[in-house]
Amino acid sequence: MTKTDEAQVVLRLSSITKRFGKLTANDAISFDLAKGEVIALLGENGAGKTTLMNILFGHYTADEGEVEVFGQRLPPSQPKAALQAGVGMVHQHFTLADNMTVLENIVLGTEPLWRMGFGRSAARRRILALVEDYGLRVDPDATVGSLTVGERQRVEILKALYRDARILILDEPTAVLTPQETEDLFATMRKAVAHGLSVIFISHKLHEVTAISSRVVVLRHGKLVAEARTADLDRHQLAQMMVGAEVPPPAVREAAPGEVLVALEGVSTPDRGAAPGLKSANMALRGGQIIGMAGVSGNGQAALADLIGGLIAPASGRLRLKDGVPSDWSPRAALAAGIARIPEDRHKTGTIADFDLTENAVLELYAKPPFSRRGWMDWGAARDFTQKVIERYDVRCPGAETRIRLLSGGNMQKLILGRVLETAPDVVLANQPVRGLDIGALTYVHEQLLAARDRGAAVLLISEDLDEITALSDVIHVISEGRLSPAFGRGELTTAELGVWMAGHGFEGETHAA
Amino acid sequence: MRLEPVANPTLLRTVGLPALALFGTVVAASLLAMIAGAQPFSVLGLIVKGAFGSKFAALETLNRATPLIFTGLAVAVAFRAQLWNIGAEAQLYVGAVVTVVLGTGALAWPAFALLPTIAVAAMLAGAVVLLVPTFLKTRFGVDEVVTTLLLNFVVLLWVSMLLEGALKDPMGLGWPKSARLIAEARLPRMVEGLRLHWGLGLALISALVVWVIQRRTTLGYEMRAVGLNKEAARFAGIPVNTVLIKTALLSGGLAALAGFSEVAGLKGSLTLDISPGFGYTGIIVAMLALLNPLGVVVAALFVAGIFVGADSMSRAAGVPTYLADIMLALALLMMVLAIMLTKFRVRRD
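Chains V and U supply the protein sequences, listed in that same order.
Going by the UniProt record's numbering, the first sequence opens with residue 1, and the numbers climb by one from there.
Going by the UniProt record's numbering, the second sequence opens with residue 1, and the numbers climb by one from there.
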């Protein structure tokens with residue numbers, strides 16, 4: 001731990017704790033930020049970085065702990081107080097009005113509206129001075145709608161500087177930037193530090209962290225696991241700190257791989273907003289294997305899951321099933337092909353909150369006998385099926401007629417598991433199957449996935465938790481910006497090596513730094 | 001202040017709050033009656049008496065409720081699937097036009113063949129009217145609230161044109177009014193000697209059929225799933241767009257039956273004022289019924305009762321009939337608030 005000179009401290013977080021239901025997003029996190037310092041807040045997705053910054057900025061109220069800025073305690077959940085204290089935040093998603101000019105966007109909210117006309121020329125002078133001082137090239141009179149993403153980010157930073165921010169928080173700022181723009185951003189950050197500002201830089205990209213930060217704070221599963229001077233660490237140590245200690249080889253017996261049940265042959269899918277689509281992805285799902293898909297969130301996992309789940313078709317390349325290339329690809333076609341799907345978001349996609357357990361249990365099966373005959377539902381058969389799922393998969397609930405929104409996440413997931421596994425599928429697509437689950441439900445889900453594998457099914461496990469991937473998978477791919485790494489066997493790569501692939505290195509013929 | 005979802009609303013919440021909403025409506029209406037210079041409770045008494053106090057009044061209320069049951073069902077069916085059909089008025093008029101076109105002698109069939117034919121044709125026409133906005137929604141993402149609402153005006157002007165032209169009664173002394181239906185195209189009375197036609201019977205049967213569709217059929221399950229969570233429905237393989245189109249067919253058809261029933265049952269001919277906004281009032285009926293098809297029957301009787309009762313109250317107490325409109329508007333607002341409060345509680349930070 002590095003002790004910071006007391007007089008230089010501009011920001012102090014003291015044992016911040018935040019719980020969302022059973023999940024502890026931040027567990028007693030404390031650290032200081034000094035004047036003129038860039039701290040990199042490093043961690044996998046879901047480690048609690050964004051939650052922590054939202055508490056600091058007053059969007060969330062911490063359950064415990066407090067935030068001090070320049071020695072003053074910040075009142076909880078008042079973004080205005082944070083702004084006034086000199087904290088400026090640039091979010092992952094910009095908060096700009098597209099139909100207004102850069103100048104109007106920057107001034108918006110700082111000046112009373114009826115005085116806008118008066119302040120305009122003074123505001124322009126100040127903005128131009130900031131543009132000059134910090135190298136934030138952008139035209140104050142351009143309409144925001146016409147700007148590139150990089151320029152919009154500069155407007156966000158200008159907005160914070162215009163409000164006299166002394167502490168800048170940048171939440172994954174490079175996620176939306178090209179390498180060139182990233183360099184420009186780093187130049188701006190260096191200038192800000194030279195002006196005496198302090199920066200918290202949130203990222204999971206290791207080379208950026210080493211390039212710009214003076215200290216790193218690493219979060220994992222909501223806990224602060226390490227705090228060190230960046231210069232004392234190399235990238236591999238950082239990767240290891242981020243993804244956790246190497247896990248002992250799991251007690252899973254080897255399985256003989258079966259035939260290829262689903263194959264991607266150079267499949268590409270369109271990008272969706274900031275989420276990349278697949279980029280000529282090649283992959284084979286064999287029976288009797290768990291195929292782990294490691295990667296940082298938002299790197300094309302959604303596209304992969306949607307593709308295999310039948311929600312999108314390949315834009316180019318081929319999706320080959322056991323019986324050939326399907327002519328029509330839809331959720332129903334995927335179900336008919338024996339692909340069981342455990343969606344990423346069980347609340348929004350996996351279940352219908354106001355339907356009861358029975359109505360949810362037959363959501364994918366309702367159109368066929370015995371549940372539906374000639375347009376009539378057989379609710380008796382549906383209830384029998386649900387009862388069977390409840391018993392076999394240990395769904396704890398008051399009864400089959402309970403609305404599913406009243407169930408815990410774990411029990412909801414067990415119902416989904418039962419719904420998809422009862423049909424004895426050939427392929428199981430498990431997208432973040434244990435996210436937000438307690439340890440009991442988590443273990444249960446893993447056991448069921450292993451059982452499906454042992455039965456001969458191909459299980460595609462998509463997860464951001466590298467420990468989970470390495471513990472369960474027979475074969476591991478890494479996904480980064482829509483690209484798939486080659487398949488690695490169990491234990492072929494160390495966690496740190498996987499972390500480097502996850503950070504986007506090693507693709508496109510580049511030899512990975514192992 | 002913020003809203004917090006209530007995980008498991010108690011019975012007191014789900015039943016008590018809507019009841020409180022109706023009570024609040026009555027209190028507010030009483031205050032307004034007082035301002036208008038009448039005895040508040042006597043006004044309410046007069047409304048109830050005017051709506052249900054005599055055989056004549058009750059029959060009038062039932063006749064008024066009939067088209068509201070149809071339009072209420074049309075709206076309830078569509079809203080259940082989150083298809084926002086604001087165009088029941090247009091569908092009603094199209095149903096009425098078809099009834100007049102086929103029922104004024106174009107088909108010289110006996111009643112047992114002619115009436116079902118006209119009813120089915122009217123339903124198809126109403127369905128087509130809603131199909132257009134629904135298709136625009138599923139295909140191009142056009143907001144159906146806007147298109148269905150605007151189609152009301154288009155259809156009304158079109159009917160006006162027909163009544164001044166093609167459908168104008170040659171014997172009508174120049175009034176914008178269609179010819180009268182032939183006797184075989186008139187809905188018979190339900191009970192001999194009572195001014196009550198089979199439109200009401202058809203409406204009650206429709207409510208039952210819609211209830212059965214929603215609860216017992218595969219389509220009903222799909223409609224509810226699409227309405228509650230489109231994303232989950234699509235993920236599960238429910239053909240969301242097909243379901244919306246089927247919903248539109250049912251909803252448009254039900255609204256058109258209101259027009260059929262009014263022309264063939266009550267009026268016998270078509271004029272431009274055949275519906276004093278039944279299509280719009282159907283939205284209130286459906287909301288008051290919490291989109292439950294059987295509840296629609298009760299809500300339609302309630303709304304019709306207020307209209308009919310307010311007419312007679314107005315004559316007796318000298319309070320303007322607008323009180324009825326205000327009461328309905330209040331009832332709707334309070335009910336919407338009550339529905340929200342059954343799902344959320346207000347927390348002060």
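Hints in this document: simulated from the structure, not taken from any laboratory.
Glycine residues also receive a C-beta, built at the ideal position from the N, C-alpha and C atoms.
A hint or two may mislead.
Claimed, not checked - A few chain V residues facing chain U, derived, Cβ under 7 Å:
no., residue
1, TRP329
2, ARG332
3, ILE352
4, ASP354
5, GLY375
Said to hold, decoys possible - Distance windows between CB atoms, simulated:
no., chain 1, residue 1, chain 2, residue 2, range
6, V, PHE507, U, THR242, 40 to 48 Å
7, U, VAL145, V, THR148, 55 to 63 Å
8, V, ALA256, U, VAL212, 51 to 59 Å
9, V, GLN84, U, SER42, 37 to 45 Å
10, U, LEU31, V, LEU108, 51 to 59 Å
11, U, LEU333, V, GLN84, 51 to 59 Å
12, U, THR242, V, ALA129, 58 to 66 Å
13, V, LEU108, U, PRO276, 41 to 49 Å
14, U, VAL145, V, ALA275, 44 to 52 Å
15, U, SER160, V, ALA336, 49 to 57 Å
Said to hold, decoys possible - Covered stretches of chain V, going by a simulated chain U footprint (3 or more residues, C-beta under 8 Å):
no., stretch
16, 52–59
17, 309–319
query = Which earlier hints can't be squared with this structure?
reply = Result: hints 1, 7, 9, 10, 11, 14 and 16 break, sorted rising.
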